[in-house]
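Just so we're aligned, residue 1 is where the sequence shown starts under this note's numbering, counting upward by one.
It is worth saying that the hints were derived from the structure and are not from the lab.
Among the hints, erroneous ones may be present.
[Said to hold, decoys possible] Taking lysine to aspartate or glutamate and the EDC-like style, the derived pairs with C-alpha atoms no more than 20 Å apart in a straight line are:
#1 Lys46 / Asp13
#2 Lys56 / Asp24
#3 Lys56 / Glu9
#4 Lys46 / Glu20
#5 Lys46 / Asp24
#6 Lys56 / Glu68
#7 Lys56 / Glu4
#8 Lys46 / Glu68
#9 Lys46 / Glu62
#10 Lys46 / Glu4
#11 Lys46 / Asp16
None of the values given here were measured: they were computed from a predicted structure.
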Amino acid sequence: MLCELLVQEFGIDAADLVPEATFDSLELDSLSLAELAVIVADQTDKDFTGLGNLDKDTTLIEAAAAFEAAPRSEPRDPAVPNPAAASAAVSASGHAASSDG
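Turn these sequences into a full structure, and let the hints steer you where they fit.
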């Protein structure tokens with residue numbers, strides 16, 4: 001799956017996708033690595049927020065092992081509001097109120 005995404009989403013030549021290849025050798029920067037983690041998270045039920053240790057020197061085999069070992073995401077109850085969104089809404093409304101007064 002990781003190799004498929006690198007080919008489809010980043011235009012990497014499949015012939016370059018060997019286990020020892022690093023993200024640097026594939027010309028992927030830190031922004032690309034973050035985007036890759038988001039794409040993989042969207043397409044799986046894994047939580048990749050803790051994979052900040054992936055860097056340009058990470059090999060594909062190391063990345064695949066990290067993705068495989070990542071914990072499953074906790075399913076979010078749609079009836080329970082997202083705490084981050086609620087906090088942002090409160091901050092935004094508080095900021096707007098102070099701007100008016």
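Go through the numbered hints given earlier and state which of them the structure violates, listing their numbers in rising order. Result: hints 1, 4, 5, 11 break, sorted rising.
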